[in-house]
Amino acid sequence: MRLSLISPLSLLFLFLSTACFAANSDFVSKEEKKINHLNGVLMCPVCPGESIDQSQNEIASNMRMIVKGLVEEGKSEDEIKAYFVGRYGPVILLEPATSGISLYAWIIPPVALGFAIIVVIVALGVMRRKQKSTGPDQPYNLRAEAISIEEKEKYFPVIDRISNE
Amino acid sequence: MVELGQIALILSFMMAGYSTIVGFAGGMLNGRDLAASARWGFYSISPLLLLATAALIYAFVINDFSVKYVAENSNIAMPKAYAWVAFYSGNAGSLLYISLAFSIMAGIAIRIVNSKLPYTSPYALGVMSMVLLFFLAVILFLANPLDQHQVPLEDGQGMNPLLIHFGMFIHPPFQMLGLISVALPFSIAIGALLAGRGGRDEWVDQGRLWGMVSWLLLTTGLLLGAWWAYTILGWGGYWAWDPVENSALMPWLAMTAFVHSIMVQKRRGMFRMWNMVLIIVSFAMAQMGMFINRGGPVPSVHSFAESTMGWVFLAVMAATLFISVAIFIFRYDTLKSRSGLDSIISRESAFLAQNVLFLLIALVTLWGTIFPIFSEAVDDTTMTIGQPFFNKVNGPLMLLLILLMGIGPVLPWRKAGWVSINKMLRLPFVVASLVLISSLISGITQYWVLISFVVCSVSITTVCQELIRGTRSRHSHGENWVLSFFSLIGANRPRYGGYIVHLSIVMLAIGITASSFYDVQKDVVMKPGDSEVLGKYTFKYIDVSEKTYSDRMEETAKFQVWSGDNYIGYMYPYRAVYPEFQIAATRGAIHSTILEDFYLVPSEFQEDGQAVFRVLINPLVLWMWAAGPVLILGTLISLSPNNRGHRKRVSLPSMDVDQSPLGRAK
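Sequences listed follow chains A and B, in order. Position one of the first sequence corresponds to residue 1 (this note's numbering), numbered consecutively onward. Position one of the second sequence corresponds to residue 166 (this note's numbering), numbered consecutively onward.
Only chain B is shown next, with the shape it has when bound in the complex (with noise of 0.2 Å):
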């Protein structure tokens, strides 16, 4: 079994080097056959990597520890459905993952592209060929996870125990997932720049549609890296400014400037090069992450140990950068733009504002997250960039975004005039005062919460401003208030979409800002029968319970909670100890309520009876993860072809498809 995924491997290393040369070649030769072959080449891949994959799989589950990856990242006592987090957690395995992922969603990306975008198809496969072919080189070069010991081991060394968790299936498939597919907006750019398209409009549609799933999925992996961190590792935070958290946050940041920049293209012909740039410094930045997290120069938790690839990586963006630049400005001279800036008050102008700040928080990300390579080198001084630097230094930005979230929608394309902006700033004005005005009443004298509150106000009156006045227009002309909205947001789904992401985005900076500002801390020691308070809680240690597993060694404590004169009921946090590696991982017990979140985690139990807990008071934490459900639902609506608009515009010649020989080429 191993063998045969060895094979295939090897395969489809092949495969991915042939759909790269005649992927191109089509491309140039502008051959038809030629783009077909490549095409079927290339998705001839995802299944042979199915095939190494449950070759490997199929190696954790039956305990074959001659597989040399197996042997590190498992041992007989690991469970079997940790296989399939196995199969990633560890370097070699992680960039099968990737690859296997990549070709899978390149496969129907490509797919797409070609049934819309004939001419620019077959260079875009040959971009996306190549990343592929990058990654299985990498592979079978320098970390194959199919690799075998002369002599099998007798169990293996097992898995770090802090991965061994319900998160672990979810938050690193996304985040890799995410980053990875950077890749598809990036090849569909480059391949439309390659093919002499770039100036016409017609790689919009595609290039939004998959920058967007990234987008999605780079926001998913981070919002449940950022759940899993808070309900598991047990300090009460849930963002770290780590390294790798932050090569993670800097596509996001990129990506995000793109997708709605990637709007005022579709509108109105602008934008055209500083699209390309924005793709391009997206791409660069994910692969920048791949980079830091593979054994890269700065130290992070996030780090696959013990790996010098990260410099491959990284001569590899470099190479990248360099080329996609090359590209860009050869062919420069046709990314002029349709038409200028009809005014500077404008919607227009209104996203380059914002694509500029997205671009600045990201490079002031990446400034420190590398300063302390650059101070070494420089003046040999050693130190570390961590948390309050990034908070101080990022936290004016973002609060910016958000005041630019709430006037950008409001601002009409083209042209505003004073009265329109009066009337459509005059509510949101109103509400951010009164909430000046309460939240100093109800005694905030933080300045930078009550400026985060009056900012997120403006940007909530906003959104449901444009919400109720579609709604109410609808209305009017007889349809009832339920159907009204529904069909509102029907009509124009890119827009009333990203209304419903900002409002998330709102709620996780109401979230971040009550819980970074106005949480509580405190270490209690305490031993059972002990009671104590804090705030209106109180929370009393009943006991604490061992239990002996074969890998590890649980401490339960139980305590009965009071939130004021509410009985609450039993809290369990733990903290299990792995003597094998040394490792303590804790586990707090939350009770979660719309205002805060009463979180107790174990810090250590001694051996006279005590014990040192934590108890942490956050408020409005809930508030964040149910933003996740509703970003992802605005993003989802904002996706969903608009066949209305389609419907109506029927009589219209379409400009997405170039009609050529090619273009029916299947």
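Just chain A, same shape as in the assembly (with noise of 0.2 Å):
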């Protein structure tokens, strides 16, 4: 079983990691990349929430080609964000600044993921404890190694259901 199921397995994702490979060879040079990326990042003014690479605003399409003019000139990219902050405002950008208030926008996500942890964590904790405290409170409280897998599937739900009533 084990052979038989590894071999197809990796064969599969051999399969699809060398389609991404294929594409990954640099069909398209590092500057059209930069483009693509800057016209990923920058909004579309009249066209809210979509970016220019996203629209076919005709000022998307202007955009999109000052924008390959900026990079062909050699700006880099933040001098590049920098021109149209500056003719648009910080709305333009898509991504918001590591900075001044923004800074919050990107330090809440992290900072409520160890919120989670320590919410489970606590929680699973409380549970356990209550367990304990009130000792096995049902009568069927096998032990874990008694009986296989298979066989708990089999008759927990049914003992689940009976106890329930």
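The reader is advised that the hints may include incorrect statements.
Beyond 12 Å from chain B on every Cβ pair, some chain A residues (computed) [as the list claims (entries may be wrong)]:
hint, residue
1, Gly-74
2, Ser-76
3, Asp-78
4, Arg-87
If you anchor each label on the Cβ, the simulated ranges turn out as follows [as the list claims (entries may be wrong)]:
hint, chain 1, residue 1, chain 2, residue 2, range
5, A, Val-119, B, Phe-487, 22 to 28 Å
6, B, Val-490, A, Arg-129, 25 to 31 Å
7, A, Gly-125, B, Arg-503, 17 to 23 Å
8, B, Val-647, A, Lys-130, 43 to 49 Å
No wet-lab data here; the hints were simulated from the structure. Given the structure is predicted, the values throughout are model-derived calculations rather than measurements. By construction, the Cβ of each residue, glycine as well, lies at the ideal position given by its N, Cα and C atoms.
If you follow the hints, you should be able to join the two separate chains into one complex; please do so.
Here's what the structure looks like:
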């Protein structure tokens, strides 16, 4: 069984990863990648929420030309962003800055993750302690390894149902 | 006909009011006749709304531009089949669509709930009627699709051309249905709480059933939306973290947590409070979605134009949340868990971690969506939070979920021994290592892609391992392989249906990972006769043909395309310009293979015969669309009633139905 599973699964992934590899090779120049990236982080000013990469609007297509021009002039990513911020304000960036009040946008998610982990641990601890203090509340609290997993899966729901009455 | 529709609307509003009051009264006074009367009152609403809908659609068909809504959303040139789309493409009409669809679904739900949960049913009906009452009130007092002008107009303004598309027939109806259907499990849960029966696990089966129906509708809506954006909107992407997309994703996330966590209550009698919290949060998020959609404060491409009624939705959301929490606190003592946790390492814990993670993603999404309002209020800084932010923040959290999806199902209920965990996770670990090595060898260096492929392979392997293990054990009892596979799935449909859904999620994840990190995009300027090469694809621009229609001018480019030495054929991307709306719509031409999509889309046609095309190679996108049917199949398997199981347990006393005189009320 082992081998019968390992080989097709790994082959599948090998297959999938070569697909990425094929596309990965440098079909587009570094500059084009930079242009595409910038198009993705600049907002089209008249079509809220859409990037200029996404929008069909004329302004978006003009902005794409400007981006292309600036990249070809050899401007850095930050300079180009600054250029558009200068013209339209920080609204034009789809990604908030990592300074000032915008910093909170970035900080809160990881803080929330940490908080969530603590909540889960505390909640599990409380539920666990409750079980310990009240003792095994079910007469069929068999030792974990006494019966196999399959058997447990099979019988416990039935016992659960009866004991629920 | 219009007048008839108006009368039907007013009558349905009154009936919804009646069912609300009488439903709650029936519950509180324990009156079976009252409850039955409220129920029949509720059943009468859908025919009435059907009549109103028929009146509106008829007005579209006969071009009755005296009706304001018809004049705003159609014109003489519109194909008649789009009368149905025009029906829900505007604000007022979509409210009518939602009411109609909800009245039908809730009618079916309450009929089933009534036979299973007679005590809960009158309250649940009361809550459903209240939801409907709200929508009908908004229709009648704020946005009536049947309102008429004094003088009929010559011609209508027409529908937004971006909406004249086949996708409009499927994506919006599913999405709206999904959002409103969250109200069904919500009503059942709140009904059980009000009836004082939230702590009994009797509402769980119905809550799960309608929760999963709602989840399926939401998922289908989201996938169809992504598919539509990809094939039509012509920018080569499928998800943009637009505020309205986010607000459809948030209830989906919360509902996903709910349909998992409800299983813990079903199996173990735990998480009783938690399930209530989850369903309340889900419904609040669905309402949040409607708020943002209807002229909320965040600009979005999806919004209904010029509608300030979003604030009404926000107020009602706040009220719903407040009242639900009050009921929850009031009935808090009925919701104690039957048992505690046997071990920290158990499936229960995995479920809890999964739930919290889903909620976290939903909250982070909410945070990003509303942060611009927050920053403007606090600091006077206007800003935009879009795709790059959400990708960076939510991407890693979602990968964590996929890892949990691989580990969770192999942990047994109650308590896991290290020996058994070790045994179950050995194979996934081996496969994951092989995948890591093969990915590295084939030149994948982006570490997010490596992590994603590793966690996906863990998930796939555990699911396959479970399926093979079960099939083998049945096979060893003498059944043939195919039969044992199907009888395995049939024997525990919620579980194996769930595994199939997990497989589809892995397919989605692989598609999303590959197409986000390894897509190739290039803008090329070509004139007829030019050939260009991107990767292994060679494409030759033959010519462009123009065609003028009553409402638009279409420019269709003709390409010949080769992949390596293989001739693929012609591809026809086009661009349509709608002069009246000053809108251009492009449609890409896609050549899909199992490995990658070759995508051609015109950006602009210039005067001098040159044209700008955007050419993309998107790897593994087909896997995302293939995941949709697999997901639906898995969900349906897991929803289908487990007859076999019932027959086995026929000698056990049933706990689903409380035996009461009211219980037999019909």
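Ascending list of hint numbers which this structure does not respect: none
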